[in-house]
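**Q** Given next are the chains, with one letter for each unit.
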Amino acid sequence: MTINPTKPTGAVKTMKIRDNIKKWLAYDYDLDAAPVMPDPVEPDVEAPDISFWRSLRRRGAHRALYYVAAVICSIILASTLILTVSGMPRYGEDAEFMDTVTYEYLAHGMEYTGAVNIVSGIILEYRAFDTLGESFVLFCAVTCVLVLLRIDDGKDDVSLPCHDLTGDVILSRTMRALIPFIFIFGIYVLLNGHLSPGGGFSGGAVLGAGIILLSSAYGEKTSGKFVTERTFRIVTTSALLFYCVGKSYTFYTGANGLHSFIGNGTPGNILSAGLILPLNVAVGLVVACTMYGIYRMFKERRF
Amino acid sequence: MGNLIYNYEEAVALILFSVGFVTLLFHRNMIRKLIGMNIMDSGIYLFLASMGYIYDRRAPIVEGGDTNPVNYINPVPASLVLTGIVVSVSVTAVMLSLAVRLYERYHTLNLDEIYAMSRRRSEHR
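Those sequence lines, one after another, are chains A and B. For the first sequence, position 276 matches number 276 in the working numbering, and the numbering has no gaps at all. For the second sequence, position 2 matches number 1002 in the working numbering, and the numbering has no gaps at all.
Hints are computed from structural coordinates only; laboratory data are not their basis. We treat Cβ as the ideally placed atom computed from N, Cα and C, and that holds for glycine. Wrong hints could be hidden among the right ones.
[Stated by the list, open to error] Quick list of the computed label-pair ranges, beta carbon to beta carbon: (1) A:151 / B:1118: 21 to 27 Å; (2) A:147 / B:1028: 24 to 30 Å; (3) A:143 / B:1104: 18 to 24 Å; (4) B:1115 / A:244: 39 to 45 Å; (5) A:86 / B:1066: 31 to 37 Å; (6) B:1059 / A:84: 26 to 32 Å.
Model the full structure from these sequences, guided by the hints.
**A** The following block contains the structure:
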């Protein structure tokens, strides 16, 4: 077998292509980077072949390929969904989705849970464990935001510039008129969760929005009267603990047929429906504190 | 096409879902990807809410001790939507804070540029 010295072998060719790619990348993206030194070539060792994707990238074709694949994916997804919809039972008709579970909820829900609002009875009595998980998801989210965005020492101030509305005349005057109604509405929705549409999440969201508006109109000094970091910690942890302990008690007594001192009361009264009212309050406090905490973290990067 | 004309509400919900999916695929900006994900969530909520609706029936709040299930719509999708909303709010908050951190490090929100820069840095290390 003879070797032609003028014709480069496969390994040398690959090394050249790799060098070109490195130069191209360095030119394109990082002007201050250290100069790229070519790797010492050892002729006996087979150089690693450049991948298919890298060669595509060199020609700029990977983007086109990506878009073609994305268009095909989207068309397939949309047509599959539309076909599924056309095969479903008609909208607004009593389908077989109203199965025994739903009938059970509607027929005996008020009797078993004491809540007039069946949805509230489902989420805080039949599926209370699920709602506890939701509250913990919110708590974990605000903890993640705290870990990611918090600045502890004042010197490392890298927060992005933010449009500050504190002291704005229109906003502060409007808020002075509106804030009592916002808070009263939030508390109403919170406390009537078992009687009317609403409940812990919606009432807590209204309360949290009210605190956020207060803080954006009057600054953190005014809103600090409601929520500081200390109250945030105490309120969220104690509310979640109360939820755990109360619901464990009800589940334990209910599963073992023991007598529970928490009665259902008369459905329709404000003090009825067992633990649903206190659990609504606990969930609402967690939601309000979480919303305000997330807002503070994004705005000021500290409490 | 079967019941597509009657199921217009579900169809609109799933078109909304597809719009969010396309936004997720075709934009390189992370904030736009986040908005696309929220549009997908809204499509899912609309789909669930329309699945639970039944003509000529009331919301599942008992009035006057009337516990006949024939008079009320399906309450289960409403409670599922509640779960979905909470989870989507949490996910949005975490993703936005991650986007803020990435912007502080790379001074851009374009995912291609972030990817290229991070690869350059790891090659020089």
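**Q** The structure should be examined with respect to each hint, and the outcome stated for every one.
**A** Here is what the structure says about each hint:
1. Between residue 151 of chain A and residue 1118 of chain B the CB atoms are about 23 Å apart, so this pair conforms to the stated range of 21 to 27 Å.
2. Range check, residue 147 of chain A to residue 1028 of chain B: Cβ separation about 27 Å, and the 24 to 30 Å hint holds.
3. Under the hint 18 to 24 Å, the C-beta atoms of residue 143 of chain A and residue 1104 of chain B, about 20 Å apart, fit the expected range.
4. Evaluation of the 39 to 45 Å hint for residue 1115 of chain B and residue 244 of chain A yields a pass: the beta carbon distance comes to about 42 Å.
5. Between residue 86 of chain A and residue 1066 of chain B, the C-beta spacing of about 36 Å keeps the proposed range 31 to 37 Å intact.
6. For residue 1059 of chain B and residue 84 of chain A, the Cβ-Cβ distance of about 27 Å falls inside the hinted range of 26 to 32 Å, so the restraint holds.
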